[in-house]
Amino acid sequence: MPTVTFDKATRIYPGGTKPAVDALDLDIADGEFLVLVGPSGCGKSTSLRMLAGLEDVNGGAIRIGDRDVTHLPPKDRNIAMVFQNYALYPHMTVADNMGFALKIAGVNKAEIRRKVEEAGKILDLTEYLDRKPKALSGGQRQRVAMGRAIVREPQVFLMDEPLSNLDAKLRVQTRTQIASLQRRLGITTVYVTHDQVEAMTMGDRVAVLKDGLLQQVDTPRNMYDRPANLFVAGFIGSPAMNLVEVPLADGGVKFGESVIPVSRTAVDEAAAAGDRTVTIGVRPEHLDLVGEGDALAKDGGKGLAVTVNVVEELGADGYVYGTAKVGDESKDLVVRVSGRAVPQKGEVLHVVPRSGETHVFSTSSGARLSD
Amino acid sequence: MWADALTKFGNAAGAVVVFVAVLLLIFFAAGRATGRVSKPLAVTIFLGPALLLLAVGLIVPAIRTITLSFYNDDSSKFLGGSNYTWVFTSSGEQQILLNTLLWIIVAPVVTTVLGLVLALLVDRLKHQGLYKAFIFMPMAISFVGASIIWKFVYNYRDPSQPQIGLLSQICLWLGWHNPPNWILSHPLNNFLLMVIMVWVQTGFAMVVLSAAIKAIPDEITEAAVLDGARGWRLFQYVTIPMIRNTLVVVLTTVMITTLKLFDIIRTMTGGNFGTQVLANEMYSQSFTEFNTGRGSALAVILFVAVLPLVGYNIVQLRRERATR
Numbered sequence: 001m002p003t004v005t006f007d008k009a010t011r012i013y014p015g016g017t018k019p020a021v022d023a024l025d026l027d028i029a030d031g032e033f034l035v036l037v038g039p040s041g042c043g044k045s046t047s048l049r050m051l052a053g054l055e056d057v058n059g060g061a062i063r064i065g066d067r068d069v070t071h072l073p074p075k076d077r078n079i080a081m082v083f084q085n086y087a088l089y090p091h092m093t094v095a096d097n098m099g100f101a102l103k104i105a106g107v108n109k110a111e112i113r114r115k116v117e118e119a120g121k122i123l124d125l126t127e128y129l130d131r132k133p134k135a136l137s138g139g140q141r142q143r144v145a146m147g148r149a150i151v152r153e154p155q156v157f158l159m160d161e162p163l164s165n166l167d168a169k170l171r172v173q174t175r176t177q178i179a180s181l182q183r184r185l186g187i188t189t190v191y192v193t194h195d196q197v198e199a200m201t202m203g204d205r206v207a208v209l210k211d212g213l214l215q216q217v218d219t220p221r222n223m224y225d226r227p228a229n230l231f232v233a234g235f236i237g238s239p240a241m242n243l244v245e246v247p248l249a250d251g252g253v254k255f256g257e258s259v260i261p262v263s264r265t266a267v268d269e270a271a272a273a274g275d276r277t278v279t280i281g282v283r284p285e286h287l288d289l290v291g292e293g294d295a296l297a298k299d300g301g302k303g304l305a306v307t308v309n310v311v312e313e314l315g316a317d318g319y320v321y322g323t324a325k326v327g328d329e330s331k332d333l334v335v336r337v338s339g340r341a342v343p344q345k346g347e348v349l350h351v352v353p354r355s356g357e358t359h360v361f362s363t364s365s366g367a368r369l370s371d
Numbered sequence: 001m002w003a004d005a006l007t008k009f010g011n012a013a014g015a016v017v018v019f020v021a022v023l024l025l026i027f028f029a030a031g032r033a034t035g036r037v038s039k040p041l042a043v044t045i046f047l048g049p050a051l052l053l054l055a056v057g058l059i060v061p062a063i064r065t066i067t068l069s070f071y072n073d074d075s076s077k078f079l080g081g082s083n084y085t086w087v088f089t090s091s092g093e094q095q096i097l098l099n100t101l102l103w104i105i106v107a108p109v110v111t112t113v114l115g116l117v118l119a120l121l122v123d124r125l126k127h128q129g130l131y132k133a134f135i136f137m138p139m140a141i142s143f144v145g146a147s148i149i150w151k152f153v154y155n156y157r158d159p160s161q162p163q164i165g166l167l168s169q170i171c172l173w174l175g176w177h178n179p180p181n182w183i184l185s186h187p188l189n190n191f192l193l194m195v196i197m198v199w200v201q202t203g204f205a206m207v208v209l210s211a212a213i214k215a216i217p218d219e220i221t222e223a224a225v226l227d228g229a230r231g232w233r234l235f236q237y238v239t240i241p242m243i244r245n246t247l248v249v250v251l252t253t254v255m256i257t258t259l260k261l262f263d264i265i266r267t268m269t270g271g272n273f274g275t276q277v278l279a280n281e282m283y284s285q286s287f288t289e290f291n292t293g294r295g296s297a298l299a300v301i302l303f304v305a306v307l308p309l310v311g312y313n314i315v316q317l318r319r320e321r322a323t324r
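Sequences listed follow chains H and X, in order.
Note that our numbering numbers the first sequence so that position 186 is 186, with each residue one more than the last.
Note that our numbering numbers the second sequence so that position 121 is 121, with each residue one more than the last.
These are computed hints drawn from the structure, not numbers from a lab.
Wrong hints could be hidden among the right ones.
Cut-off 20 Å, straight-line C-alpha distance, at most; resulting in silico cross-link-like pairs (EDC-like, lysine to aspartate or glutamate) [to be verified]: (1) H:LYS132 with X:GLU320; (2) H:LYS75 with X:GLU222; (3) H:LYS134 with X:ASP218; (4) H:LYS18 with H:ASP56; (5) H:LYS8 with H:ASP218; (6) H:LYS75 with X:ASP218; (7) H:LYS103 with H:GLU117.
Part of the chain X face toward chain H, derived, beta carbon under 10 Å [as the list claims (entries may be wrong)]: (8) GLU222; (9) ALA224; (10) LEU226; (11) VAL238.
Label-pair restraints from in silico Cβ distances [claimed, not checked]: (12) X:ARG321 with H:THR201: 41 to 49 Å; (13) X:PRO217 with H:THR201: 24 to 32 Å; (14) X:ALA62 with H:PRO73: 57 to 65 Å; (15) X:LEU120 with H:ALA273: 54 to 62 Å; (16) X:LEU166 with H:ASN165: 52 to 60 Å; (17) H:ASN165 with X:PRO241: 18 to 26 Å.
Cβ atoms here follow ideal geometry from the backbone N, Cα and C, with glycine treated the same way.
I would like the entire structure built from these sequences, with the hints used as guidance.
Below, the structure written as structure tokens:
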């Protein structure tokens, strides 16, 4: 199994000036499951289609293993793709759908049948092999699309939002099936999704794109713990990280009535860029409530006052959606609270970030300042 | 003259007013009806006129034609099936049946294949709407008009004279010094007449097939390309099967038009020189030879021949609608 390399790969659509994918640099290891994620229009599907050969590459190169495939036609790249709406051939049976690539490649019929049946067994499709796609459910069609990719034994799997047409429950179930199937087959896989939960749960590594530019590539854990910039911080995690612009103060930054410590280097970097504020990122689960009594004792301030608007109770815990006054403007915040002690609507909470769990970003450039 | 026209116009307007008044009266009466009669009355009022027109225009003539086909030329003597025997055994009529068969096989197939090729080619051009409009335009010309145009194309003059026939002139330019009189050359003349039909119908085939090809989802073509199918094999395994239903509809529609073909033959040759077909022969027997029996028998044969095609078309359309 080979690696996949994007080397400054660029795609500019005809008639446009702004690249849809701008000098993408990405190294995907042998057997790795890499997820491309980002909001719609970020260039993730275009990147995948460039790798598939369905989209021209206007600059840079794409390599599979040591082979430069930048300008090879799709069929010579030894890849298989699963499409969002599966793109099954409606006039062929399930078995013919799965065996079509082999038939075109001139493999003999007995061999095709053997491979199709093997894949059918893996995907639990044996009894449906002679049906037409029309007679299958959404989940079964999705598995046929997977089967069509498996049967070819390609060097690389490409998947373009393959779960987005399934209902919520089936999606969660199929998510784990695809991930475990990929680990079992060990085939290098590039997976496109707009759903950050899918990205976090399935990928060995996750690549976040925005406006055709790669924002960060990392393991899901690192992506969550150390987002490289404001965009990634806001995109990864659900509910999203709270991002609050706060003024610099002596020994740290002023967070409501508290001063929270921030590393010296971060403050210096912000000051060097001429900023008087930084943006603090705190995940909902890292905001601690402070009572009237202990607040002064703890930090010399009461933290940030949040007025509760809505409470989402999820059983084990709850999410409080509230508004806080930061500087002159009001700011929406999310705080995770224990499911046993949820506040009432209209109540005022005082919150401070848990020490060591704050992320500091430059307000002007959006880049991460803390380590 | 104006006064005359005015009177006629006034009469027509008067008739319409009376008609509407009668209708309103009937509706008013039906609206007041209650109880058990109201529903049957409504059914009669709404269905009655349509049924009446259908009977007068379609059912009665059909029955009468079938009956007449078993009688002699002036419908005075019952002949049994001898009119039919004549159609299938007389050598002149056999030639006509053969011509018709040739027409309904060659013309629709050529039209459909040509339409498909044009659809594939034109879809790749810029300004395809313009080209399609030009190719579709003959469709707007009646068969009679088209035949007159082509009569000039096939026109024959002595090769030493200036030519007005395009085909002859092209042959002369290409160095063939003695082109034949096209319309008189049997069996070539049959195919020359088919060219007119193809010319008129290809635009229709192209437009419908082009729409069908465009309706194939991009992902399916892309999936096939990734599976390694390109060019001819992509066409053979994916494009053709996916537009199969449309192909059949186009083929049968042109076939039905061809089977009823009358105008081209009437205008170009009048059925002479071995170009006669069923529909024109039906007309000739009925209104030139005044043999109502034989004319009716030919009409019935034509009717029976069209039936399975129409039936198949309807089934096909139904199936397509069901899958949507």
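Hint-by-hint comparison with the structure:
no.	hint	result
1	H:LYS132 with X:GLU320	holds, 16 Å
2	H:LYS75 with X:GLU222	holds, 11 Å
3	H:LYS134 with X:ASP218	holds, 18 Å
4	H:LYS18 with H:ASP56	holds, 15 Å
5	H:LYS8 with H:ASP218	holds, 18 Å
6	H:LYS75 with X:ASP218	holds, 17 Å
7	H:LYS103 with H:GLU117	holds, 15 Å
8	GLU222	holds, 5 Å
9	ALA224	holds, 7 Å
10	LEU226	holds, 5 Å
11	VAL238	holds, 6 Å
12	X:ARG321 with H:THR201: 41 to 49 Å	holds, 42 Å
13	X:PRO217 with H:THR201: 24 to 32 Å	holds, 30 Å
14	X:ALA62 with H:PRO73: 57 to 65 Å	holds, 60 Å
15	X:LEU120 with H:ALA273: 54 to 62 Å	holds, 59 Å
16	X:LEU166 with H:ASN165: 52 to 60 Å	holds, 57 Å
17	H:ASN165 with X:PRO241: 18 to 26 Å	holds, 24 Å
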